[in-house]
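Visitor: Chains as they are written, first to last, in this note's numbering: chain A, 1 to 522; chain B, 523 to 819.
FYI, nobody ran anything at the bench for these hints, they're computed from the structure. It should be emphasised that the depicted structure is a prediction, and the values quoted were computed from it without experimental measurement. Quick reminder that beta carbons are idealized off the backbone N, C-alpha and C, glycines included. Be aware that one or more of the hints could be misleading.
DEER-style ranges, computed between Cβ atoms [unchecked claim]: (1) T468/A - F605/B: 49 to 57 Å; (2) D297/A - P551/B: 48 to 56 Å; (3) F547/B - T353/A: 45 to 53 Å; (4) G575/B - Q103/A: 40 to 48 Å.
If you want the building blocks of each chain, they are given just below.
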Amino acid sequence: MAFYKFPKPVDVHIGMVVDPTDKTLPKGDSVGNNQYTRYLKDKYNINIIVDWTAATGNDFKQKVSLSIASGNLPDGMVVDDRSFMTKAASSGLLYDITDLFQQYQSQQVKDIMASTQGRAMENASYKGRMVSLPNITVDTDGVHVMWVRKDWLDKLNLPVPKTLSDIEKTAKAFIDNKMGGANTIGIAGPSKNTFPYATFLVSSNNMGGFDPVFGAMDAYPGYWLDNGDGTVTYGTTTENTKKTLALLADWYKKGLIDPEVGTRDNVGDPINANQAGIFFGPWWNGGYGNGDSFKNDKTANWQAYPVYDDQGKWNVHMKTTGSTYTVISKKAKEDVVKAILIMNNALVRDEATFDLSVAVGWYPLRNVMAAANETEYEYTELLKVLNGQTKPEDYNKPNSLYKLMYADAKKVQNVIKPPYDNLNVSNFDMTNFGDFQRMYSLMIGDRPYSTIPIDKKVYSVTYNQTPTMETKWANLKKLEDETVLKIILGQSSIDAFDQFVKDWKSQGGDEITKEVAELLKK
Amino acid sequence: MKRLGGVQKHYYLMLLPGMVWLVMFSIVPMFGIIMAFQNYNPGQGLLRSEWVGLENFKYMFQLNDSIPVLINTFIIAVGKIVFNLLVPLIFAILLNELRSMRYKKWVQTVVYLPHFLSWVIMATIVIGIFGYYGVANTVVKAFGGHPQLFMADAGIFRQIVIGTDVWKEFGYNAIIFLAALTGVNLNLYEAAAIDGANRWRLIWHVTLPALSTTVVLLGVLSLGNVLNAGFDQVYNLYNPLVYSTGDILDTWVYRLGLQNLQFSLATAAGLFKSVISFVLIYVSYRLAYRFADYTVF
Chain A
1 MAFYKFPKPV
11 DVHIGMVVDP
21 TDKTLPKGDS
31 VGNNQYTRYL
41 KDKYNINIIV
51 DWTAATGNDF
61 KQKVSLSIAS
71 GNLPDGMVVD
81 DRSFMTKAAS
91 SGLLYDITDL
101 FQQYQSQQVK
111 DIMASTQGRA
121 MENASYKGRM
131 VSLPNITVDT
141 DGVHVMWVRK
151 DWLDKLNLPV
161 PKTLSDIEKT
171 AKAFIDNKMG
181 GANTIGIAGP
191 SKNTFPYATF
201 LVSSNNMGGF
211 DPVFGAMDAY
221 PGYWLDNGDG
231 TVTYGTTTEN
241 TKKTLALLAD
251 WYKKGLIDPE
261 VGTRDNVGDP
271 INANQAGIFF
281 GPWWNGGYGN
291 GDSFKNDKTA
301 NWQAYPVYDD
311 QGKWNVHMKT
321 TGSTYTVISK
331 KAKEDVVKAI
341 LIMNNALVRD
351 EATFDLSVAV
361 GWYPLRNVMA
371 AANETEYEYT
381 ELLKVLNGQT
391 KPEDYNKPNS
401 LYKLMYADAK
411 KVQNVIKPPY
421 DNLNVSNFDM
431 TNFGDFQRMY
441 SLMIGDRPYS
451 TIPIDKKVYS
461 VTYNQTPTME
471 TKWANLKKLE
481 DETVLKIILG
491 QSSIDAFDQF
501 VKDWKSQGGD
511 EITKEVAELL
521 KK
Chain B
523 MKRLGGVQKH
533 YYLMLLPGMV
543 WLVMFSIVPM
553 FGIIMAFQNY
563 NPGQGLLRSE
573 WVGLENFKYM
583 FQLNDSIPVL
593 INTFIIAVGK
603 IVFNLLVPLI
613 FAILLNELRS
623 MRYKKWVQTV
633 VYLPHFLSWV
643 IMATIVIGIF
653 GYYGVANTVV
663 KAFGGHPQLF
673 MADAGIFRQI
683 VIGTDVWKEF
693 GYNAIIFLAA
703 LTGVNLNLYE
713 AAAIDGANRW
723 RLIWHVTLPA
733 LSTTVVLLGV
743 LSLGNVLNAG
753 FDQVYNLYNP
763 LVYSTGDILD
773 TWVYRLGLQN
783 LQFSLATAAG
793 LFKSVISFVL
803 IYVSYRLAYR
813 FADYTVF
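Construct the entire structure; sequences and hints are all you get.
Guide: As structure tokens, this is what we get:
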């Protein structure tokens, strides 16, 4: 059932996000006719009809928002914000796929869903009914580590910074010695489109955010914290957050943080130009996120480490299971719904076998499903392959939970050169840059999470909006963003924080806090 | 020429595409205004959504943002109207005084190029110029000042918005003045010159009066846009640090409506904007008639 070929062609209308910078589609192919749509046509008799496309980012959000507002959804689209899914669901626009999903999911999808202990199912549901296919990303996307230029440390004969005061010294040394030229930036920070820290609504993949700095101060801004006595606190309003902001403001004043933080177009700019020595981000940020940095300087030895608090503990905020959702229109015919479920099964099973010289983003309704611990598993197993303990063939298990493992095992020895005990950028071959990026991210970026136990994992009480948030959150978030950035940049003194907490509470924060506390009782 | 009941038929034919466009994109969407008085539910549509009367408007004014946003919109829009009228006017007059035709064409081409760039691209350039390591700060440093982060300074954000908009558009806006200038009877200049007028006098007594109707016309027409402070531009330039002076109605409505899915509230804010715009157009039109004896119809 999970890989059923329809006897008659089934038309699936989709709305699709496209990456305008992607140039991998061969000449003559299009968004509605490429290797992936032809694969679906040949193998399953599924006809993809693209109703509309929009560029990644705000263009796409706008298009999704408008198609929900008009009540006119294509059969399927992937939305990248849970509030889009819940809005569409509460408006009665979505297909209840609860039963069909149970019938049609493949074993692999079932295993991946199970690897989240039910959190993925809950995430994809509205009022107990499954109304979307969730994406499931690796837990590591939420664990932000420190990326630092090890080659600069070595040149200056400095140790790897462990605590916040070490980071301060290191950043200062980078700047004083002009390691990245006259305009050396000690610590790169968020741009105008990213965030000072991940929040419960956007809890992962926050490149350039200061998340590890907050973690090292035992602060979890943007998260709803369970106080353990039936009450909750919004992490931004805590004393520890205030202390961290004071520290960041101090760093900014001392010139250790990118002076253009918060206004820059793209956080990657100074990093890729090899002007910055330290930045924070998840496992894939070194490799994929700063790819041009390696192109510009093949010796840029970016290494990833945890940031510890003064007691030597590593505190981390954890993310939700995933944040994109394949939604299916209520008006879709049953066959179309089945087709979309099969498309998802096929992607999960065959992704590793596709010719990835055409970006897999062109796969219609692509929604990532990966086991929660995929990167740690791959890190451990790839190291075994390198050390000769296992062979790539050992991973040739069709329908494995770790769908990319076999393909990666076959590649790893071409990309990584010995010695394997302490990998540096010089161990990597960049000939196939795509393979390099993946291996670098896995073996360097995921090394901290795979090898060092985390002392404190903090989850948000909720990763979703409560009813009052639907009307009041925009205002509160604006207040928060404004205050936090102004304090960091020194435009407001740290005293503005207390006023913010007061305003935040009176303008709806208290009301929302009660609603979140209610969620604890479930 | 064929006539139909004394009317030239082809004129109506030429009018048709414009009328179709107007009906499709300006009149039909008017029904969407109903959303402002509902708790709109996309699944139930415009006709069956719950009716809430003026609830959305009341809530809008309870939000702390509504008044500052309105003020920002007004200041930025008026600033743009004034300077987008004055700068091109002065520029056109100066250009008109140039003798070398080739140089004149060259200048004109160079200054109207930015008009064809979208704000997405222009914003990158502007942020580059006013960034910490940008051109502006190079100048500041050359004069011994400390580098500033201009784009994060709420105190000058409006000036930057108005200034860069004028920079982008003045060359293009000057075209209409230059066109008006070609219509000036050259005999008037000759006659005035014979009467002993110098260059400044010629501009004052011949050029400016010839342009006055155009100025009034453009001024009145732009009043219809008085609350359009320029979504594309502000959206691409602003950041949380300048919300206090830079957030305008359109960006606010965008954040409410499209990012937070509060469709009804956003519609209410949009409708509110339209009502004010309507009043302003009406008043300015009356004023234009009173003081410049000018009517469109």
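Visitor: Checking each numbered hint in turn, tell me which of them this model violates, lowest number first.
Guide: Structure breaks hint 1 only.
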